[in-house]
Every structure is written in C-alpha cells, then in structure tokens.
Amino acid sequence: MAPTSFDIQHFRNEVRKFCRTELSAAIREKCNRNQLLSKNEVVGWERKLADRGWYAAHWPKEYGGEDWSRWQRFVFMEAIELEAVPWLTPFGIDYVGPVIYTYGNEEQKRRWLPPILKCEHFWCQGFSEPGAGSDLASIRTKAKIDGDHYVVSGQKTWTTMAHWADMIFLLVRTSEAEKPQEGISLLLVDMNSPGITVRPITTIDLCHSVNEVFLDEVIVPRSNLVGAEGAAWRYAKFILNHERPLAIELGKAKRLMKKLARLMVELVGDKAAGINKDGLNRRIAELEIQIQTLEALAQRILSRPPAQDSNTEEAAMLKLRGSELQQAITEVCVEVLGYYGLAYQTDLLASDAEAYCHGIDISTGLVREYLHARATTIYGGSTEIQKNILAKVIFAQ
Amino acid sequence: MDRDLLNNLDQIFTRYTRDRYHSEQWREYGKTPLGFETELMQEMGELGWFMLGIPEELGGSGQAITDLLPLLNAVGAGLWREPILPLLGGAVGALLAVPEHPESPSLIEQIISGKTLVGLAHAEFARGIMSDRVETTASKSGHTYLINGDKTFLVAAPACGWFLVTARHPESDESDLFLVAAKDPSVTLASYRTVDDRSAADVNFNNAPARLLGNGAAAILGARRRMSILAAAEALGIIQKLNQDTRHFVTERRQFGRPLASFQVLQHRLVDMHILEQETAALLLSVANDFDRSAIDIDRRLLILRCQVSRALRFVTQQSIQLHGGMGMSDELMVGHFYKRALLLESLCGSADWAIGQLVDYTSDVEIN
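Taken in sequence, the protein lines are chains A and B. Going by our numbering, the first residue of the first sequence is number 1, and it counts up by one from there. Going by our numbering, the first residue of the second sequence is number 1, and it counts up by one from there.
Simulated from the structure, these hints should not be mistaken for lab results. Be a bit skeptical, because a hint or two may be false.
[Claimed, not checked] Simulated pairs of lysine to aspartate or glutamate, EDC-like, Cα-Cα distance not exceeding 20 Å:
no., chain 1, residue 1, chain 2, residue 2
1, A, K254, B, D297
2, A, K277, B, D353
3, A, K392, B, E252
Excised from the complex, chain B in its bound form (with noise of 0.2 Å):
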C-alpha cells in the first residue's frame, strides 16, 4: 500500500460509512445471529485493510501501528460491527509476539484476506477478565497437545476458525499460547448477546488437540499492548463523532424559544468534551509514535493513555445522552449504541481505575526523573 493511499485513508473510510453503515444499516446487520455480516468483513480484507500495521514479510503494508490508527478511528465513528479491534489488536498482537512459530505467517495470511477469524481464548471467569494467569491446562500427548478448560467472553466466537489459546502446563503456572480448531468436536459454544448488540461466547475446551505456538506471556503482552492503542483509537473516533453530533443537536434544538447552544452551561459542556477529545488525540498520537520506536517505557505510556481515554469516552458518551436529552434515551438515536460500545471497550481493555492502580505500582517502582 503506497503512502499517497494511506493518507488518504480516512476520506475511504468515511465514504464506506456512508456506503455500508447508515443507521437503517446498521440495524440490519444486527438481525444476524452473530451481530455482523461476514461478507463485510471479507470485502474489507480484499480492500487490504487489514494489511495496515503487519509487518511486510508477513504480507501486510508495513508495521508501523500508526498507520492502523484511521482504521480504528472509523470503526468509532462508524460503530462498525466487525470484530476487528480483538482480531487485528488481540490475535494479531499475540501472534506477532510469537512469530517464530511456523504457524503464524499462515495465521495472519488469514487475517489479512478477512475470510478467516482468529479468537484470542484468554480471559477466564476463574481468573477474572485482566488476569495474565490461567487456570486452562496443556497435556502433552505424543506429538500433540490436549486442552482442557473454560474460557469467557470470547468476541465473535461463533465466526472464528482458530482459537489462539492461553493454556499453563499442568504443574507450573506459566502459559503458552496454543493453537486449536474452532470447528473441533471437543470445543463448545455457548453463545450470547453482547451489551454493544454483537455475539460473544463463553468456550469450552475438552481435550481439545492443540499445536504448540510459543510463550503465553510474550502473547498476552503483545495482544494487550496493540488492543490497548487500538481500543483507544477506536474510542477516540466515538468521542469525534459524538462530538460532532451533539454540537449539531444543540445548534439545531430549541428549548425557552432559543436554540440550546445559546446557554453557557452547555457551551462550556460542549468545550470539556472538545477538550478531552484533543487531548486523548495528542496523547495518543504520542504513544503510538513510542510503541513504534519501542520505548523502554511503553507499558508506563499505555496505562497513562488508558486511563485519560476512558475518562474521556465515558464522559463524552455520557455527556452526549445528557445534552439530547430524553431522546438520547431512545433506542432509535445512536447515541446510546455508541455509550454501549464504550461500556465494553472499557471492560475489555482494563478501566481507568484498574489502570491507574498498575500505574502506581509502577511509581513505587520507578524514580520520578
């Protein structure tokens, strides 16, 4: 993909909202069992969307993850239906720590054409949903590996051909990453609706055979880090839109003979939430640059960028249902879909207040310079 192309990304992406995801839209989409239509997913991987920020020798455009930013920021806007913040941020993230591993240029060749969906299988109720640890287990039987154990919240499971599964061995407790068929006779869905209108499963793994991929610490790392710029891109492309939208609400609006825009309170509302959108924008732009040069300190930077993006798309996505008013509590007006979207980004990516108590366990750790 040419430079010329990737700065005009944005211009593409908001066309194709415009194209594909109007509201009537992306009301039908919802209609489906699994909350999105497959075929969208396909078209975008032969439009070479997800090529962006996949390293050349894999078959992407390149791995700067700036470049996968605008993606992320329309998925946002747009409230696209894909699930390709845990695919290109949590499978991807976890595979290319693992790259080694023959397996993986295969796997993400997958990804990249966007027929093929990979499930990170890591969170555990046993284990609460930011653990790093596991309690789902690894046999080794002859040449192959058996997977026995449960996993929760899996986004778009029911879509997925593989699971990249975190599994410890059964006497110690480090994890590897493992790689199972989703379609195996000894895994089971049990589905569900999500918050955000989508589907997600809880799995079961049952002696499920599985190809060894690599270190399951080195996975998780990688896929937290590249789903916590991801997650934050996309939010930061809900809080443009709310934005946006809520301005042009209270502009039109009138209430006491005059238009709502007109009242200070809500004025001052407005530029808060302009404010936060600017700052995450920076702030973002920042971390992401870090993480492409591989700053010592990009965990330190992650957990600050978590904790001022969701502050901010809470207070966005809350202070825009406050400001249209009773109708912002209409199923019928997107606003609340993207509050709920938020919910979700929130939980999946840790909250701000999980963030900022990893942040001063660091403090304690590291000397202020």
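For reference, chain A alone in the conformation it holds in the complex (with noise of 0.2 Å):
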C-alpha cells in the first residue's frame, strides 16, 4: 500500500480546485482545444504554482523545495494533467535543477537554482545531434579548453523550445576515449552567447516546438561544467532516469478519456463521425485496462523509496507504457473524429481564430495530439532502447 504521509484524495482536490480558479478562462479554452501558447502564457501559469510552493516542491528544502516524496510529486502531476492547464516544462526543474543540487558545486547552487524557482531562467536540453539520436554517447559536439574557457562547437538537434530558452545544458565531448560514454562533459550556456543559431523544424503536427542548435566556437566560461570533466555520461543517465516517468502522463491519458466520452455522446449518430458503438466500446474497454494497468504499476514502483540505481528500470517500463497509452488514446480519439478528423486547420490553433470550422471545434486539437503522440515512443529513450535497458536489467538478475 502506498504510504500516506499525506492525504491524497485532499490534496488532488486541492490541487485541481488551484487550477479551475487560477488560470484564466481564456487559456484554459485554449488548453482544453490544445491550441498554441505564447511564452508569457507557459511561464505566467509556472509562477502562479511557484507563487503557491508546488513548482518545485519536489526538490530537497535546502534548496527551495518542499521534500515531497516522487509519491506526492506524482499525484500532484496527475492532478494538474487532469486539468485543461499549459505544460508544466520540465527542463528546469525536473532535468537541470536536480543535476546542478546534485552535482554542482556552491557557487553553481548559488547562482542557477534560485532562477529555476522563481521561473526567471527558461532552459532547454542540449542531448541529441544530427548523428547521435539513440545513440547518444556518439555525440560529436566539441569543448576544448582555451584558458578559463570551452570554446564549444558543433550542432544539436530536437532540442525543445530552444526558441524560447535563456540557457541550455548542453552534453559535449571533452576528449576522445576508447569508450564513448566517456570524455562527455555536461555544460551550461547561455543561449545569448555569440555563436549560437537556433532553427525551427516544423514536425508531423504543422507545429514549432523542435529546433536546430548550432553552436560555432561559443566561449563557454569553465566555471559552467558541471560535476567531472569527461563525467558527464552518468549525469545523462540521471537526467533520462527523471525524464521518462513524466512520460507517464496518466493524468493526461484520463483527461482524454472524458474527452473520448464526451466526444461519444455528442458525435452518436452524426453520420460523418466514425462511430461504431459495439466496436468502439470495446476499444475503450481496452483503454481502460491499459490505464488502470499502469496506474497500479505507477503506484506500486512510485509508493516506495527509490532503491540505489533500481530506477532505470523502473523508468524505462513506465516510459514504454506512458507512450504506449497516450497513442492509443488518441488514435480511438481521431478514430471518433471520423471524416471531421480529416481536415487539419493550423489557423484554428491560433487563439483568435476566425476561420471556418470544418466540424467540431476541438478537432483540430485532437488531431495535434495525434500526430505528436508519435514522438512520445521516441523521445527520452525509443521503445527499442527501453527494451535493450530492460534486457540488461533482466539477464543480470
């Protein structure tokens, strides 16, 4: 059983009444149409939950935080996901934040974390490159010492929302090993530094979030490596080992399933709409399961204290199932949609949009989520490197 240092159904109450009378009825439409957000919109909603203690109360007290156990951070994401509210981006304080506390020296405590918690230093994660992507120990990025300085050159890729982020942690190679996880280095750079460009990719969803890094000998000062030089490799894990239980997102995956609901009852006879009612409540049946699975999952590996270095494994099967679910969900979702699930209005993700709605007014949302469901099986890990870190796991046993 879960220990309840805390009163769970209390606190979710709590949590989701903060999101129904905090954020303003204009963006919570447009979250609930999965319409864009401006940066202002993002951040401004991460202030009021800072302003409120829980942005990231997760982190240890003596660095700001509230010391909740992953138990209590985990309900507390579950109750915000339910919730038609804007991403909770998690580079600062899920990625950076954690590694700096945790490998950092003072000075970089001093100067980088206060920024994260008051929502004032937007981050962006510098891992993947055009020749590194699940093999990321082959990144090629190079940092060499001149002076009191890295003069850093090379280019990164899929980094998210680098068009909004102040700073970057960036993997970098310092020398060359025998082994690649070897001779990487973990830096942090401004992302105002002369010498770095930053070019959007459109993806599958019509949608700007990715980028292109190109860093062409930007001076990084030496005081921004964090940990060991050539050390790095272990903090990677450690950042991957955090990333991919937020892949979770149950919360998320129950929120569109009142949608799926709702979407039921009011396409049920539309002729353009794809319902067929036997077919469909057996695929939601199957939903369900799933969700109920890795919630009982979730809570049985989440609930304890993380055991020495067993979270890898932990990590890697909620992510694999998290992904899983969130594809599931939405394909039945556009499979409902049926012939309104064809048409794909980019100008209706705009805020203020005016354009002719070919029908329902979420549509076009739900189809968003659709296509970048596709990538949840492939950030943080593929599936197939999931599978190759469970294989270690097992054949050790």
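Hey, can you piece these two chains together into the complex? The hints should help.
Okay, here's the thing in structure tokens:
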C-alpha cells in the first residue's frame, strides 16, 4: 500500500481546485482545444505554481523545495494533468535543477537554482545531435579548453523550446576516449552567447516546438562545467531517469478518456463521425485496462522509496507503457472524429482564430495530439532503447 | 498465524516445492487416479496453510485475501496438483457468502483441516461454463430437498466429501445453494482426465437429498470473485517461474556459435514477458487490496484484472514454448505442462474475451469519471 503521509484525495482536490480558479478562462479554453500558447502564458502559469509553493516542491528543502516524495510529485502531476492547464516544462525543475543540486558545486547551486525556482530562466536540453539520437554516446559537439573558457562547436537537434530558452544544458565531448561514454561533459550555456543559432524544425503536426541549435566557437566559462570533466554520461542517465517517469502522463490519459466519452455522446448518430458503437465500446474497455494497469504499476513503483540505482528499470517500464497509452488513446479519439478528423486547420490553433471550422471545435487540437503522440515512443530513449535497457537489467538478475 | 510467519510464507512455499515437487515427484503424483496425492493435501492442512484468508471467527488466520496470494503463487510456480484453487476459491468463496448457515463454519473447518474436500458444483453443459443460471432443480420433500440435474467439469470431484450445489426451485429462475453428501447413492460421477493431467467429473444428481445453505446468486458471486483473484495469483506464479526459466534457457543455449540471449529479438521478447509480469503483479496487488476493503467497483476491477492476467499468461506460456524451441514441445520439459494449466485457468474463470465483453456492458452503464 502507498504510504500516506499526506491525504491523497484532499491534496488532489486542492490541486485541481487551484487549477480551475487560478488559470484564466481564456487560457483554459486554449488548453482544452490544444491551441498554441505563448511563452508568457506558459511561464505565467508556472509562476502561479511557484507562488503557491508547488512548482519545485519535489526539490530538497535546502534548495527551496518541500521535500516531496516522488509519490506525492506523481499525484501532483496527475492532478494538474487532469485539468486543462499549460504544459509544465520540465527542463529546469526536473532535469537541470536536480543535476545541479546533486552534482554541482556550491557556487553553481547559488547561481543557477534560484532563477529556476523563480521562473526567470527558461532552460532547454542539448542532448541529441544529427549523428547521435538513440546512440546518444556518439555525440560530436566539441568543447576545447582555452584559458578560463571552453570553446564549443557542433550541432544539436530536436531541441525542444530552444527558441524560448535563456539557457541550455549541453552534452559535449571534452576528450576522445576509447569508450564513447567517456570523455563527455555537461556545460551550462547562455543561449544569448555569440555563435549560437537556433533554426526551427516543423514537425508532422505542422507546429514548431523543436529546433536545430548550431554552436560555432561559443565561449563558455569553465566554471559552467557541472561535476567532473568527462563524467557526464552518468549525469545524462540521471536526467533521463528523471525524464522517463514524467512521460507516463496518466492524468492526461484520463482527461483524454473523458474527452472521448463526451465526444461519443456528442457525435452519436452523426454519420460523418466514425462511431461504430460496439467496436468502440470494446476499444474503450481496452484503454481502461491499459490505464488501470499502468496506474497500478506506477503506484507500486513510485510509492516505495527509490532503491539505489534501481530506478533505471522502473523508469524504462513506465516510459514504455505510458507512451504506448498516449498513442492508443489519441488514435481512438481521432477514429471517433471520422470525417471531421480528416481536416487539419492549423489556423484554428491560434487563439484568435475566426476561420471556418470543418466539424467540431476541438477536432484540430485532437488531431494535433494524435500526430504529436508518435513522438512519445521516440523521445527520451525510444521504445526499442528502453527494451535494450530492460534486457540488460533482467539478464543481470 | 503471526505476522512473522506470514512474511516468510514465500520461503516456506519455495522450500516445499523443492522438497515435495521436483519434476519426477510431480510425474509420480500424476499416476494416481485423482492426479494428486491426498496425503500432501492433508499435510498442507496440518501446516495451517488453508487457514489463510479465512476470518478468525471461522478458525482462519484472518480474512485478508492478500495473505493468501503467496500460497497461490506457489501453486502456480510449483505446478502443484492439489485442487487448491477450486477449494479455497470456489468452495470457500461460496461458503463465506452464506455465513449465517450453521453448516458453513463446520464445512470451513473441514476444509482448513485438509482432510475433507468440498467441491462447488455449479457449471452445467446446458447453461455454459460462465453462466450464473442453472437448470438443476431442488424440490422440497418434507424437511429436506431433493436435487435433480447434471453438473459438469467438477475438478477433483472423485476426492470430494461434499458438494455445494446450485439449483433452482422448479417454479422460478432463482437459485439457491445446497449441500449434498458426495458419496450418497443418488450421486453418480463420470470421471475423466483433464488437459492439465488431473481429474474432473460430470456429476448426475438423481433425487439427491440436500440441505439448503443460502442464496445461490450470492454464493456464485462470492465464489467468482474469490476464484478470480486466486486464479490471478496462480497465473502470476506461472508467469514468474516461466520467465525465470526461459531467461535461464536462452542464456545457456547456444546457436550460430553464440548464446541465444545475445540476439536482440529474443531479448526484446523476454522484456515484453518481464513487463507483463511486473504489470500483472502490480494490478493483482492493487485489486486484491480493493477486494479486502470491499471497494464498490470491485467487480469492474476484477474484470480488468481478468483481461490483463489472461493475456499475460497466454503470451508468456506461448512464448516460453517458442523460445525453448523444439524442446518446448516435449512432454519431458515442464514448459508445456504450464501451458496446459494456463488453458485450464483461463477457461475456469473466463477468457480475456469474455471479460472484455462484460466490461463493455459496464462501460455502457457507468460514466467514466
């Protein structure tokens, strides 16, 4: 059973009520329709959570958090995902922040943690490269020492929200070693540095969230190296193990299920929609099985304290199943839309859209969700990589 | 039974499997007409194992079904032949649902002892294996009842001392639960071997004298719920054992000059099997906890568990044969015997298809919240 040092139901209700009362109706409606949000709207929401003390509550008290257990954080994330609210960007609070307070020096903690907590620095993650996707260890972006500085040259790609970012945490190669995992270092880099160019990549949802980032002799102070030089493979794994459980998005899955139920009511009898009632009821039952199974797995894993280094296996399993679930739900949603789901009106993704709408108001947003969901089994280590990781674990047992 | 002992049950059961149930012993026990050794059943009773999951006032160790899961895990992993699932699931489940009857405590006491087997006689050819309704009738004759009808697939029936029989009153569709002495001359058994190498019988009741125990629908619901959880625990035991054995096999077995375990396609297959194991374990525990606190949506949760377990068990048993290659097809290896047990477990408690059909009916009624 889950340890209940806090009253789960009470806490969940409190979080959901906060979401409903503190977020403006306009942004709420945008989120509900899965429309595009501005940086101000996203960061403004994060500030509200920070003011409430929830934004980084899973951090240790000494660094400005509340020492939440990972179970409480999970319950919190599920609760906000149940509501139509902006995406909580994880780059600062979940990725680089924990790395800095775990592996950084005192000066770095003083300098970089407070701006994360106050939502002053927007971070992005400089991991993937054109030649290093699933094979992350083969990165080639180089950092050479020149006096008090590193000079960094190379290219990153699939960099989510780089166009909004003030800072990037970069995996760079500082030495050529026999094993590709050695000789990799982690640098904190100002996105306004000369020599950085950000170029948008349009994805199949015709939206812009990922970028290419070019680095041409970018000067980075040596004091921005986190931990030891050449030891960053470990930090990268630390980050990925934080990233993966976040991909469960169980709250979002449940919200989409409600949306699906409403859609079915709304579209029943509509010949343009794709409702074959018996078949659909069966698929909804299938989704319900996936959700309850994942929920039980997440609860079992996250409600016990993390064992040393065992969270690789757990994170891999949750990531793998969570991403499959997102794809399965959005697929059924789009199927229900039938003909309405065949239009894709990106002009309707802008908030002030006044264009003709083919079908129902949320259909483009749902199709966007469906298209985007293909990425979930690729990012943060593809499903196949997760299976490689799990294979290592189970054969070591 | 104290908490320390409860916490060590896993080890106790593993040791028992090692001492009593290595594969030659397993084959030896199978040569008996019953397909199992009644002495082992009695030994387990003497060790107090059948007290698990039964309320203290009925002589048990406490009614939490979670206490009983390790025993059924062991039954699965060790492929124990004793009819523990139908006894502690079906019969006890039905009896706990009619607790007010004075016969119930004494029957449960007999079950706990391991000396007397009680069989739940419910399924009928006429109605189908998962039907709640029955054709068998009970008519009143003075102070007693007379049962007439045919029951099918009563596991371990030849070893039973008592049958709990569901029968309806001639004028109604409502059924009640009756107690019939298995050795009464009015009861005729036609025994046969089952696919998992045990015994079962079709049973004819011809004016069999019976005592009324209580409401039949309540008894069947109680039996189904309990069977459902315990069958899942047995299935989990099989899954865990086969995953372990299959991993071991592909590590040892070499083809193309290297261990099978070095092939990625086989690694990923074993990962799929491992995830199913972890998911099933997590869902089982979650649903068993809900069962123990009488959650209102327990029947829906049990159907979800049934789907997950059925599919996981099917995938793992089939892939275990596949990954063992030709050897997996031999009677000599245990893999195939687990596969046959899996078929039985699925049919006794409803297939994934059956469960999902039931779930659809629920989904149409209940608003997703």
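These are the hints, each one checked on the structure:
1. K254(A) <-> D297(B): Judged against 20 Å, a Cα distance of about 17 Å means the pair holds.
2. K277(A) <-> D353(B): 17 Å, holds
3. K392(A) <-> E252(B): 16 Å, holds
Checked against the numbered hints above, the structure breaks none of them.
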